[in-house]
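Colleague: Each chain, letter by letter, is given below.
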Amino acid sequence: MPSNAFPLRKKKSKARIERDPVNLFLNKKIEDLPRYTGRKLIILNEKISGAQMEKQAQRFSLTMANASDFKLSSGASSALANALQQADGVVFDKLKVAVVNANRDEQLNRLITSSLTKKSFIKSEPERYVYAFNGKQTGSKKTTFRDNKKATWGIHATNVLNSSRTGKGINIAILDTGFSLSHPDFKNRVKGHTSFIKNQAPEDENGHGSHCAGIEWALENKCHIVSMSLGGKVLPGERYSESYEMAASQALKNNCLIIAATGNESDRENNIIKPVGRPANCPSIMAVAALTNEMQIASFSCGGIFANGGQVDIAAPGTDIFSSWKNKKYSYESGTSMATPFVAGIAALLWEANTKASAAEIWMKVTQAAKRLNLNASDVGAGLAFV
Amino acid sequence: MKGEVIKYIVTVEENHKPRINEIAQALSKMGFNIDNILKITGVIIGSLNHETSENDLKIQGVRSVESDKKIYPL
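Each protein sequence line maps, in turn, to chains A and B.
Per the numbering used here, the very first residue in the first sequence carries number 152; after that it's consecutive.
Per the numbering used here, the very first residue in the second sequence carries number -11; after that it's consecutive.
Check the hints yourself; a few may be wrong.
[To be verified] Away from chain B, derived, C-beta distances all over 12 Å, residues of chain A:
#1 Thr264
#2 Lys274
#3 Lys293
#4 Arg340
#5 Ser361
#6 Glu371
#7 Leu381
#8 Lys384
#9 Gln401
#10 Thr413
#11 Ala441
#12 Ser450
#13 Phe457
#14 Gly460
[Said to hold, decoys possible] Think about it this way: if two alpha-carbon atoms lie no more than 27 Å apart in a straight line, the pair counts; the simulated DSSO-like pairs of lysine-lysine are:
#15 A:Lys384 / B:Lys(-5)
#16 B:Lys58 / A:Lys477
#17 A:Lys301 / A:Lys477
#18 B:Lys57 / A:Lys425
#19 A:Lys425 / A:Lys300
#20 A:Lys404 / B:Lys17
#21 A:Lys338 / A:Lys373
#22 B:Lys57 / A:Lys404
#23 A:Lys319 / B:Lys(-5)
#24 B:Lys5 / A:Lys425
[As the list claims (entries may be wrong)] Simulated DEER-style distance windows between Cβ atoms:
#25 B:Asn24 / A:Thr295: 41 to 51 Å
#26 B:Val(-7) / A:Ser333: 29 to 39 Å
#27 B:Val(-7) / A:Lys342: 34 to 44 Å
#28 B:Tyr60 / A:Phe473: 15 to 25 Å
#29 A:Lys300 / B:Val(-7): 20 to 30 Å
#30 A:Glu371 / B:Ser55: 34 to 44 Å
#31 A:Thr295 / B:Glu2: 44 to 54 Å
It is worth saying that the hints were derived from the structure and are not from the lab.
Built from N, CA and C at the ideal position, the CB exists for glycine as well.
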């Protein structure tokens, strides 16, 4: 017997595997192609071994082969096809998934519902065809968001008004060069504040050492999120700061998610794209790019242009954003600085809804919830921050 | 320039974080003027005069020494 064949077993079912004729697929649009193969996929219990699965399946007259019985080689696809011809299905032990031939529904239903076997065979679903995508996508419908009396365009675009959450109980540390404590928008909302700059006016530049101190303060005060609308440009090929990455990775371990602006040095209207700046270029910091109200990348927004440089993780509204300003006023401003707080806010909403989640899990939820855009991931990461 | 004070950020190795105070003390004896010891993040912030080299700060337990770079609002 060839080494890549599986042992021959007696087939108990009389059902034939129907093969789809080749001309079912030719010259068809993807939406007209068949969706289902007729086979079923079964999700298996992680704790049960393949051998135990096979034994249990035998109770309901299903003969299952094991994927470990054939090796992945040039003949693997034919070995798998042979397995499915000679047995009722194949168990992929490492994936904890099984595939079962068509016309075994009665046996499958018994496997999934019987008290003897339902803990091992958890759920089944139809196996779907997958097709290679050919050709370019046609242009998508243009989307434009606008400010109105209800909310600013950025709030509309991110769907925040439709969230039942407010971010209650989630502490956000805003690390910046200054903060207008007396602004009416922040009344009764500031739990604590401090400065790490000695004898300097808030508008001055400062060093990233003081920001490390800010991150430490946020961790000491049990902040869930640090929002940093700050940064510095990097030179081509310049690596991220070790100290910032250490601080950020420690923050993640301490269940604190740091979100930072990618930078505004680009001039895309003149074909100039600059790299993601620091500290957003750190792997452990969620880097935010800026979008226009037409869901295009903002001209100034930095991008992940170097393979070994910082990458954009997500994007948010960042042009003509109406918000609080100095001296208790309001202003329209543009920048990745404006985009970053949108992501911080959305992270807070998601964290309120998932109080036991870790910072890493919230990072995943923010990117999973993002609305995918027809733009380069190197410019917008997972897409528009959305809730 | 002689006498110029330069700010540095010293990052401590993860497994040496429990000894961060000890490391800070050792750096201080070498002429590193400490501004802040950040125990959770594992970072020591301070300054050197131009006569002491930053390479001298790379003692056991130190992962990296970086000069303090400017950061601006975006």
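Colleague: Once the closest CB in chain B is found, is it more than 12 Å from Phe457 of chain A?
Modeller: 18 Å, holds
Colleague: Can we confirm that no CB of chain B comes within 12 Å of the CB of Gly460 of chain A?
Modeller: Holds, because the least Cβ-Cβ distance between Gly460 of chain A and chain B comes to about 16 Å, which exceeds 12 Å.
Colleague: Grab the minimum beta-carbon distance between Leu381 of chain A and chain B and tell me whether it stays above 12 Å.
Modeller: 5 Å, violated
Colleague: Verify that the Cβ of Glu371 of chain A lies farther than 12 Å from every Cβ atom of chain B, and report whether the claim holds or is violated.
Modeller: 7 Å, violated
Colleague: Against the 27 Å threshold, does the CA-CA distance of Lys58 of chain B and Lys477 of chain A hold or violate the hint?
Modeller: 23 Å, holds
Colleague: Can we trust that Gln401 of chain A is non-interface, i.e. its beta-carbon lies farther than 12 Å from all of chain B?
Modeller: The assertion about Gln401 of chain A is violated, with a minimum of 5 Å to chain B.
Colleague: The output says Thr413 of chain A does not contact chain B. Does that hold with a beta carbon cutoff of 12 Å?
Modeller: 8 Å, violated
Colleague: Between Glu371 of chain A and Ser55 of chain B, does the beta-carbon spacing fit 34 to 44 Å?
Modeller: 26 Å, violated
Colleague: Any Cβ of chain B at or closer than 12 Å to Ser450 of chain A, or is the non-interface label fine?
Modeller: 14 Å, holds
Colleague: Does Lys477 of chain A sit within 27 Å of Lys301 of chain A, going by the straight-line distance between their CA atoms?
Modeller: Holds - the C-alpha atoms of Lys477 of chain A and Lys301 of chain A are around 23 Å apart, at most 27 Å.
Colleague: Are all beta-carbon distances from Ala441 of chain A to chain B longer than 12 Å?
Modeller: 9 Å, violated
Colleague: Holds or violated: Lys338 of chain A with Lys373 of chain A, Cα cutoff 27 Å?
Modeller: This hinted pair holds, its Cα atoms lying about 21 Å apart.
Of the hints listed earlier, those the structure fails to meet are numbers 5, 6, 7, 8, 9, 10, 11, 19, 20, 23, 24, 29 and 30, in rising order.
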